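Be aware that the sequence shown starts at 1, since it is given in this note's numbering, and climbs by one per residue.
Derived by calculation from the structure, the hints in this document are not laboratory data. Do not take every clue at face value.
[As the list claims (entries may be wrong)] Pairwise CB distance ranges (calculated):
| # | residue 1 | residue 2 | range |
| --- | --- | --- | --- |
| 1 | D126 | E10 | 26 to 34 Å |
| 2 | R245 | E188 | 31 to 39 Å |
| 3 | H272 | Q320 | 44 to 52 Å |
| 4 | P45 | S128 | 38 to 46 Å |
| 5 | D38 | T174 | 35 to 43 Å |
| 6 | P97 | L176 | 35 to 43 Å |
| 7 | D126 | A286 | 34 to 42 Å |
Since this is a predicted model, take the numbers as computed values, not measurements. The beta carbon of each residue, even a glycine, is placed where N, CA and C say it ideally should be.
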Amino acid sequence: MLVLGRAQVEGLLDIDALIDALASAMTDLSAGRAAAPDRVAVRVPERDGFLAAMPGHVPSAEMLMTKLVSVFPHNGGTPLPTHQALIVAFDPHTGEPAALLDGTAITAARTAAGSALSARLLARDDASVLALLGTGAQARSHAAAMCRVRPIRQIRVAGRDRAKAAALADLLSTELQVPAAAFAGYAEALDGADIAAATTHAVDPVVRRSWLSPGVHVTSVGFNPDGREIDDATITEALLCVESRQAALAPFPAGSNDLLLPLRAGLITEAHVHAELGELLTGREAGRTSPDQITLYKSVGVAVQDAAAAALVVAAAREQSAGTEIRLG
1 MLVLGRAQVE
11 GLLDIDALID
21 ALASAMTDLS
31 AGRAAAPDRV
41 AVRVPERDGF
51 LAAMPGHVPS
61 AEMLMTKLVS
71 VFPHNGGTPL
81 PTHQALIVAF
91 DPHTGEPAAL
101 LDGTAITAAR
111 TAAGSALSAR
121 LLARDDASVL
131 ALLGTGAQAR
141 SHAAAMCRVR
151 PIRQIRVAGR
161 DRAKAAALAD
171 LLSTELQVPA
181 AAFAGYAEAL
191 DGADIAAATT
201 HAVDPVVRRS
211 WLSPGVHVTS
221 VGFNPDGREI
231 DDATITEALL
241 CVESRQAALA
251 PFPAGSNDLL
261 LPLRAGLITE
271 AHVHAELGEL
281 LTGREAGRTS
291 PDQITLYKSV
301 GVAVQDAAAA
311 ALVVAAAREQ
321 SAGTEIRLG
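When you get a sec, could you build the whole thing from the sequences and use the hints?
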């Protein structure tokens, strides 16, 4: 079995290749050629955390895997990430365990790459102002990914802690060579933004319709069993796209409160979900229809994304003789 640590995974995973690989995986998922059952989880209520399992199979990438991911929000502000994961890859022909990978880096990268793919499909071609809502690892990875698909000229960072927002803005200015600045609040960061990337653990919405400018593309990847990132007005008025209707509308731990709460309140129906990313990619469903249209990609994370990323990493590791081989039996 090949074993790859976090630094090795980060060094082997190319963001441009990942965005393209996710396009193939999303297309396969919508067409029924790939499989990603709803994730299951066990809660750890005394820590407001949970451990989830996410199996996936993408035959076109020759990847059969499962991810184990823990979400412990109280790790925020400590040396430990709020999301920590392992991925085990199996030989899709024999079922033999083939690789053990750090999944924390893959989770951050594939989530951001999925949002970037949605921006490639739905954001205006000239979108240049990016609002980052949140100051953690996902905000950082989203900034890098968005700069790959749109001509970002300004990055605005907002979060609960202004000092953390300022620190992230300074880091992004150096890493991406794009002017970045901290803003006082979410409303200020969103005012005039062309793309908004919500990456929080919010209880109350950090994206509100009254704060959005015409034509903005919103991506939302935050997950909180007791909260939501997007308000009802944005959900009801935006062109809504997801990775998978089944996953997005499923109960905890698979689905999204952003959709389930207005659905239960009768504000929307399941038909309000306009398209899956795979349907946009094949042209089965249309994307943006006007420059002023507000578009929204609500992500819950599906295992075929992890599978696509793991396939790239394992292939690169084999090619470069990276990682450590161990024998289980």
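Do the hints match the structure? See the list:
1. For the pair D126 and E10, the beta carbons lie near 31 Å from each other, so the given range of 26 to 34 Å is met.
2. Between R245 and E188 the beta carbons are some 34 Å apart, a value that agrees with the proposed interval 31 to 39 Å.
3. Our hint of 44 to 52 Å for H272 and Q320 holds, since their Cβ atoms are close to 46 Å apart.
4. Between P45 and S128 the beta carbons are some 44 Å apart, a value that agrees with the proposed interval 38 to 46 Å.
5. Checked against the given bound of 35 to 43 Å, the beta carbons of D38 and T174, roughly 40 Å apart, stay inside it.
6. A hinted range of 35 to 43 Å holds for the C-beta pair P97 and L176, which are about 38 Å apart.
7. Separated by about 20 Å at the C-beta atoms, D126 and A286 break the suggested range of 34 to 42 Å.
The structure fails hint 7 only (numbered hints given earlier).
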